[in-house]
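Starting from the structure of chain A, add chains B and C where the hints point.
Protein chains in written order, with my numbering: chain A, 1 to 155; chain B, 1 to 155; chain C, 1 to 155.
Be a bit skeptical, because a hint or two may be false.
Note that the list lumps identical chains together, so a pair holds whenever it fits in one copy or between two copies.
The list that follows gives simulated cross-link-like pairs (lysine-lysine, BS3-like), each with its CA atoms no further than 25 Å apart [unchecked claim]: (1) Lys76 with Lys54; (2) Lys88 with Lys76; (3) Lys54 with Lys88; (4) Lys46 with Lys112.
It is worth saying that the hints were derived from the structure and are not from the lab. A quick note: this is a predicted structure, and the numbers were derived from the prediction, not measured.
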Amino acid sequence: MKKTIIVFSGDLDKVLAAFVIANGAAAMDDEVTMFFTFWGLNVLRKAEKVPAKKSFLQAMFGAMMPRGAEQLGLSKMNFGGMGAKMMKKVMKQQNITSLPELITAAQEQGIKMIACTMSMDVMGIREQELVEGLEFAGVATYLGEADEANVNLFI
Amino acid sequence: MKKTIIVFSGDLDKVLAAFVIANGAAAMDDEVTMFFTFWGLNVLRKAEKVPAKKSFLQAMFGAMMPRGAEQLGLSKMNFGGMGAKMMKKVMKQQNITSLPELITAAQEQGIKMIACTMSMDVMGIREQELVEGLEFAGVATYLGEADEANVNLFI
Amino acid sequence: MKKTIIVFSGDLDKVLAAFVIANGAAAMDDEVTMFFTFWGLNVLRKAEKVPAKKSFLQAMFGAMMPRGAEQLGLSKMNFGGMGAKMMKKVMKQQNITSLPELITAAQEQGIKMIACTMSMDVMGIREQELVEGLEFAGVATYLGEADEANVNLFI
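So that you can see chain A by itself, here it is in the shape it has in the complex (with noise of 0.2 Å):
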């Protein structure tokens, strides 16, 4: 049965765990919906700097803000960015996908990833600084997909 996930979080260990329960739902059979917002737009943004007109605040938070999975960092323990440097180099090591394979892996297993267009805002984020192949919607999309659903979770 159908999951939706709202990931909120732009913290490479939370969106970890998004991508390995909706990839794991999706191997299952499941349609899995994740919806992206706040700081969760984080994880789809391109790596490159791409132009886009911005207020000056938006500029701001979006020159502050990491620029997709790479750049991720923890929620706790990040030390600047080491402990997710440390954090990716342990998975390596266990051979334990990693976020951008997880990523691939989802757009391959055709979950839908929708981005927050009310959070693109906010964040002065445009559609073509994010990855290809989301869709854009609002609240109420959302709404709809997780009365479809037997798991929603908030992460």
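Just chains B and C now, kept in the frame of chain A:
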């Protein structure tokens, strides 16, 4: 169908997400129950100081925690309140409903707002310190509501 | 009906919320499964140091993370552990069940506690470092449990 949201966080960004989802669901004619625990209780505090009997430690907690929706900080990039101020300014520029407006809308839409009595004891928050229109209950009430709902989020 | 809780957080306040909900549900005769991942594994660590083979990075992670329920900090206002100490003191004054007591109650009520094996690999935590009475499994097991439950929370 009914939705429940546990508002554990007292961060502006997370509380905004909670109220956007709650109001969205109520607008779609869902019954909605919000259950405020721990830091989430700060959302419901009156802006002015209200006299209340507290132990020394409870008084300290009370003095350090934000009083009401206007004072909440961001979960990330708060920079001593500057981040929250910036986000509120961007939201105004983008004509996005503010948190105090969302709370009023929630009350007008008949969303049930419950303050967790156990958390109130831990935090030393008294009924008279909280806004009007709340119910006061514990985990059994939450579970009863959640059993009737098809979407249950912990934020 | 069954409830599942993913305990991702290792913060005292969030873990308290998880165990209050879990014990509340079990008291109402619900089956409950708690699935401990990432920082949540720290809740289950034995208080004493247990010899275990680890890589250098895993040993570093292990040394920096709290060992067991007594050592957890708050998600906010922890002030190097002082906040957690204050909260525990207030809880005692108010006769509120402590986290170690809630964990014992959970075990006595037959709540199923599963440690996430993938997270154990990432964090470098070995079975012998965790308390007795756990099951060890991955995301597929979690999803199987969640499919049978009507309330599924991510904390």
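Each hint, compared with the structure:
no.: 1; hint: Lys76 with Lys54; result: between (31 Å within a copy, 21 Å between copies)
no.: 2; hint: Lys88 with Lys76; result: both (14 Å within a copy, 22 Å between copies)
no.: 3; hint: Lys54 with Lys88; result: between (33 Å within a copy, 16 Å between copies)
no.: 4; hint: Lys46 with Lys112; result: within (18 Å within a copy, 40 Å between copies)
In this structure, every one of the numbered hints holds.
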